[in-house]
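Visitor: Each chain is listed here by its residues.
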Amino acid sequence: MLGTQFLEATTRVDIGRPRRLFAQRCHVEVRGVLESDALLREWGIDTVLIGSYSRHTGIHPGRDVDVFCKLTSLDVAAEPRTVFDQITDVLKGHFGDARLEYDPPRRSIKVAFSEAGLELAVDAVPAVRWDGRWGIPNRDLGLWSDLNSSVRWVLTDPERLGDLTTDLNGDVEIAERGAYVPAVRLIRQIRDTALGDEKPGGLYFELLAYWAAKSGVARTDDWDLFIADLLGRIAAELAGSDTSIVLDPASQTPFAPPPSGPELTRAAGEFAQIAADAAAANALTDVCEAAAIWRRILGENPRGWCFPLPDGCDDEGNEVAPISSVRSRGPREARGYGGGRDA
Amino acid sequence: MAAVETLDQASLERFHTELIAHGYEPSDDDLRDWRGPAPASFGALTGAGEMRLMFRDGWPYRWPACYVEGLDLEHVTGTGDVCLWIPGDESMEWVTFEGVLNRIEEWCTDAQRGFPDQPRPLDAHLYFRSKKGLGLVDLDGLVGPAPDDGAIFPMRGQPRHGGRVVRLSRLPDHLLALLQQSDTDIGGRAYTRDDILHPPRSFDEFRAALTAEQLRDLDLRVLGPIESGERELALALLVWRIHGARNALLLVFRRVSTGTDLFAIELAESDVKTLTLRSGPAQAVLRDKRVCLFGVGAIGSTLAVALSASGLGSLRLVDGDILRPGNVVRHTGSRSDVGRAKVDVVRLALSQDAVWTGVDAVREEANDPGRIAELINDADVAIDATGAALFTDLVSRVASLNATSLVSAALYRGGRISRVRRQREGVMPIFHRWNKPGAFPTIPIGDDDLIGFELGCSAPTANASPVSVLSVASLAARVVIDLLSGALELPDEIVDVLETVEAPFDSRGWVSFEVESSDD
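These protein sequence lines are chains A and B, in that order.
The opening residue of the first sequence carries number 114 in the numbering used here; numbering runs sequentially from there.
The opening residue of the second sequence carries number 30 in the numbering used here; numbering runs sequentially from there.
Derived by calculation from the structure, the hints in this document are not laboratory data.
Just so you know, not all the hints are guaranteed correct.
[What the hints assert, rightly or not] Just a few of them, taken from the derived set where beta-carbon distance is under 10 Å, the chain A residues facing chain B:
(1) Arg132
(2) His173
(3) Ala229
(4) Glu232
(5) Gly417
(6) Val433
(7) Pro435
[Said to hold, decoys possible] Only some residues are given here: those of chain B computed to face chain A with a beta carbon under 8 Å:
(8) Leu36
(9) Ala39
(10) Arg43
(11) His45
(12) Thr46
(13) Leu60
(14) Pro89
[Claimed, not checked] Listing some non-contacts, in silico: residues in chain A with all C-beta distances to chain B over 10 Å:
(15) Glu121
(16) Arg154
(17) Glu155
(18) Val189
(19) Val264
Ideal placement from N, C-alpha and C gives every residue a C-beta, glycine not left out.
With the rest of the complex left out, here is chain B (with noise of 0.2 Å):
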């Protein structure tokens, strides 16, 4: 180790000398690790006098890590690591000693109270020596949103990426005999239980938080295999509930050449309402909404995964290309998909990142009006990706006919501008702003375009950019979002200049449309 590498030596220098004065010493040449007097707060939890702070390459943006022996609690890591901050915490509050010695008090209060409910700590793994992994599990489809206290549950473990990745699930009794025949998967058992006040810390503590029957299994249909030589690996999933919320360790227990050995791996559950946390706010009003997208190109395919990652419930992919290598840069299928129909490509991919999204991939080009009105009929609003101005008239008045909602996204001038339009009940269609260049300056044609060609595809390829792409996706997702969620505070009409070009459009930024009431 070295001296803390810090940019600011200044506040580091104060900090020690508060330490100083409050009876603190290096133990170490590099300044890192200091030891003194363990502040009275932590006299209710524990007998230990002393406290360590130990800092970090990265002061002061990164706090010092505080290690106080014998706290037998939440908030506290198997290498006794008490944790003031939640990561990411960005209070600073740890430039000064003091300030340190305020959030151990507060820690220590809520400690003897009962921390909050935020941040909950979920990293029961942590107290144990850890393997890196993820160990996959549907919490609810493994032991059932309410198990009972006390119950068991066979279970299997399927590694996969080499291991770096164990898919946890149930495994029926009357299934048993395959797991033996598996080389690969991994037998072990589930075990429930009520109100567990902290993580269990060593193995010793994992079987003292077992009921006797749990215990018997474990020794039995977990260790008993392993040490009789007949498994080299086994699993023990203990589930508990604490402060009304679910908790969960995952032990592996592996034969070697002196016994037994006992690891933990981190668990991440992979259930819909944990893949939907980082959704956003509009998924409630997303998850019962049907799309119909026309055109699964590069704004397209973009478009569909945002909506769907969003919380989408429902999803029409309407397109008749295949992914061609020039495609990828664009798109967000990759270089395997190439080859493959670009709604295929997508389909596949939302049905594993976005399992909640119904998908219905329709390969076709879609340019007959009966076809277009039979696959918006039931959409709630259609999306026109296909960056087609005659596609664009034609199913802006299909749409219109049929009274169903549609956005329209593209790219013009080498990406320059962005255009993105919505038709809905009671505003002029697209298809009439066309003879309203007064209200809807048209986009000046220019030499920027750099339409290139490549071979067996005889369809001109625009130079837009991979950013103009996200950049238009994004705004159209956050258009068609506004409509469906009846927030209506977006313009129907927006033209986003990334780059000027000529007058009206010669200043970056937005530039939106009043769109008039529809005079049909």
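Chain A extracted, bound-state conformation (with noise of 0.2 Å):
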């Protein structure tokens, strides 16, 4: 019924091009220096552009942008403090001490990038090879000298998780189109307005999607049926018993750190509410009561409201007579005197 206004919610929450190009430059300049410095190219330095700006599933502002750097000459032999510290001092020499941050907790170092009004944060993360995969330090400083490398350092492999979103992507279709990346960033900023700044984050209810499309959400090609499916899927699964183990499906380590119970309760509450909401939206035969409820779930971002009105309804559900389609009135028409043109 919404199909239209679902499609354009996906490009009004995407990140968009100007940020989309930014990342992609800092990106290249991080590299070029990160590739400047001997010691790290013996270490067979080799950076990729990760996370949800890679997938596509990232939303808007979308301020930080994840970067691999592979070290693809080492393993998990190597001691993370020994290439935290080289690739935090190769960037600190070219950025400066005071666009980086790098203290403790952190286990990747994070540059500030400013242009032309765009605000963007890189955070470089260190990798070593781990069995065909990779290790990245332990967000546990104290364990970075541990004996274990196994403790030293946590498996991951963001670019297979990379490959799968887009292997899942071409079989979740709607109208042959596919549906699961774009759906992701619709999760991802239904739970930006209804959690903010609480956790459990974006990655993991990127995660959340993952699962709730590979186990079978509902194949339609209606957007309102398949995204209200996929928030009820995602509901029930916070509020079982499990919650706090979902599976990264690139390394099949559990998400980490996980939520606490309470953030996890109050997510879980929230996002029953919302699954309600959108199977009362989607009961509605009327289009305009329908798009006020979806545009409260979906929220506003910088760009105003993610879920655009339908011609013809107003944001608080009622109908209006549409005005553009006036458009269609001028060369019909013969054209009246007075305004601009003539008084």
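Hints in hand, dock the two standalone chains.
Guide: Quick look at the structure:
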């Protein structure tokens, strides 16, 4: 019923071309800096954009970009401190201390970028080889000197997660277009509206959406039904007993650090209500009323309301006469006099 | 600022979505100012990479303003506003970003090939800091219809209405001394150039547009007296040709404590051609016609203004009455005219507003057939707007004898009924129609005239409304123009039922009657 509005909403919550291009420029600059260092070159430095930016699941304004700093010649035998400090020093040498954040408990180095009103923070994440996948420093700095390499490092495979995301997007289609990735953007936006800066964060919900989509979300050509079903499954998952264990499908490791009990309780409550509202919207025959509910569910971002109004509706859910259709009048009718044309 | 006021939020949001998809983002919290990559069409015209779209209250009735830097072209204001649509455009093609992009592509093509003659940007003042006001100028009178390239003309500006209007005129050299003595008039120079491709958009460009001699003149005669403290104000008018049309820019220089201030004033031409631009298609016919109008009251004065404004060449006004305070609500005269002869009131108004109409004001009640014949003798048509049946009969007979066409207009029954009758060669005269009640039903007598009296005036006053007056005057003007143009598409006897009365005038609208050929 509101397919056009859902499609437009996926555009309205998307990070957008200016930031995406800016992120690419930031990445290129960071990569250039890192590759200019002899020791990092010796360690086989190779960087790649990861995270929601690369998976196209990020939402506007998307101020954080993850750059995976693969040290292809090192493995988990290396010390996290050694690689972390080297990358930090190289970045500090180029960007200066003021633009960097690297103090504990960080396991990545954040570099601030600013350009023509855009602001971005690039998170450079050191990574070493680990049995065909990658290890990144443990969040607990106290474990960085642990003798056990699987304690010093945490297994991850962000590129694989990107591939799985792409695959799933191809599997879940609406009107012959991949629907999973844009749907994740909507889910992340709904989370942002409901929980704001509270945890669980966007990636946690992306993983919930992944498993929900994987486990047989409604196959439909109707965006309303698809998103409502996805929300229902996520709400059910949050209400379940194993919520604290959500697996990363790429590394098959639990999402870490897991959200706390109170955080999960709050999220479960919010999403139970959202899922109920979504179901109620879908039960309505009045397009305007349904749109008003979805508009509340998706909320706002710096571009305004994320769920745009259908023609002929106001934001209270009432029907109004659309004006833009007047544009067809011009060629059919002689122009009147007056206004700026004559007086 | 606040969010854009609109009655169609859906179309605004749809447009925003299109913008986002094209890489645009809002630069303010109110979502008015959106910035993104300039369309490729602009690439040949400017190196600017960014375009701004500013949404204004009233979307979608008002298009978003479009700004791109570095466009040194016509149809771009001094603030960088690209004029994509002319004021009053009703296409609404701006309702979608795709529509805006299509228009931009057309605009850019025109910009490279030369903009079409219509619309023509004749608002060069917009490139400068402008002050509210108008500079009135008759360019033909000031610099002539075909001035030499590089010519210089002394001129003066006469401020009117507290400085809101400055009337520009040529000042012969031998009268320059007068200007020196004037406390109010502003001295200045007019410069003419051929083939300036776009209006100057800065004072540097203004100077660059002048010849070396004009530039020396500007420095010596315009800026010199300001800088020396001799004068407070000075004017410089640049007149040039573009695409075969004439354009002009008026700059005002003002002495201030820090030096010389500069601003532009919007220009308005005051020549007859400009003044009659809105006179309508009949002006070509009316220009050589003569009309004699009896009765310059409510209907007559309105009719006189309508015909003159439409381009009438000559008008004789005949009325012996003076304007009374009670006349003003239906008359074209105003309260300040009270006490003056009605013919003089209208003549004065026309001498200012319809300078092309020669007006002969005859302040008399013409009841003598010989005098009436004399007055209508040279007229193409006589008009009876006296509202007096006996005079209508009299003038009808005289006009018939004189072979002069006549149009008679009057209101009846408190303005509920209006009637316009026309007599012309080959058509039954009006005075004959009284005797044909079957063919021309008489307007029944009613008690709705609400006739009143006022002190000092023994004639009764009918309570026809000003709206009825406008209606019958408009109809009569149409009938006159229909006659003078030779179209003869309107009936020769029309009763317009503005409000219903008894049968046969019991439904609104026109009742028209076939007028037989004259049996005289």
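Visitor: Next, verify each hint and record whether it holds.
Guide: Hints versus structure:
1. Arg132: holds, 8 Å
2. His173: holds, 8 Å
3. Ala229: holds, 9 Å
4. Glu232: violated, 13 Å
5. Gly417: holds, 5 Å
6. Val433: Given a least distance of 7 Å, the restraint on A:Val433 holds.
7. Pro435: holds, 6 Å
8. Leu36: Interface hint status for B:Leu36: holds (6 Å vs cutoff 8 Å).
9. Ala39: Since the shortest Cβ distance to chain A is 4 Å, the answer is holds.
10. Arg43: Holds, because the Cβ-Cβ distance from B:Arg43 to chain A comes to roughly 6 Å (cut-off 8 Å).
11. His45: holds, 6 Å
12. Thr46: holds, 4 Å
13. Leu60: Interface hint status for B:Leu60: holds (5 Å vs cutoff 8 Å).
14. Pro89: This interface hint holds because 5 Å falls under the 8 Å limit.
15. Glu121: violated, 4 Å
16. Arg154: holds, 35 Å
17. Glu155: The claim holds: A:Glu155 sits with its nearest Cβ about 40 Å from chain B, beyond 10 Å.
18. Val189: holds, 42 Å
19. Val264: Answer for A:Val264: holds, closest chain B Cβ roughly 44 Å.
Checked against the numbered hints listed earlier, the structure breaks hints 4 and 15; every other hint is satisfied.
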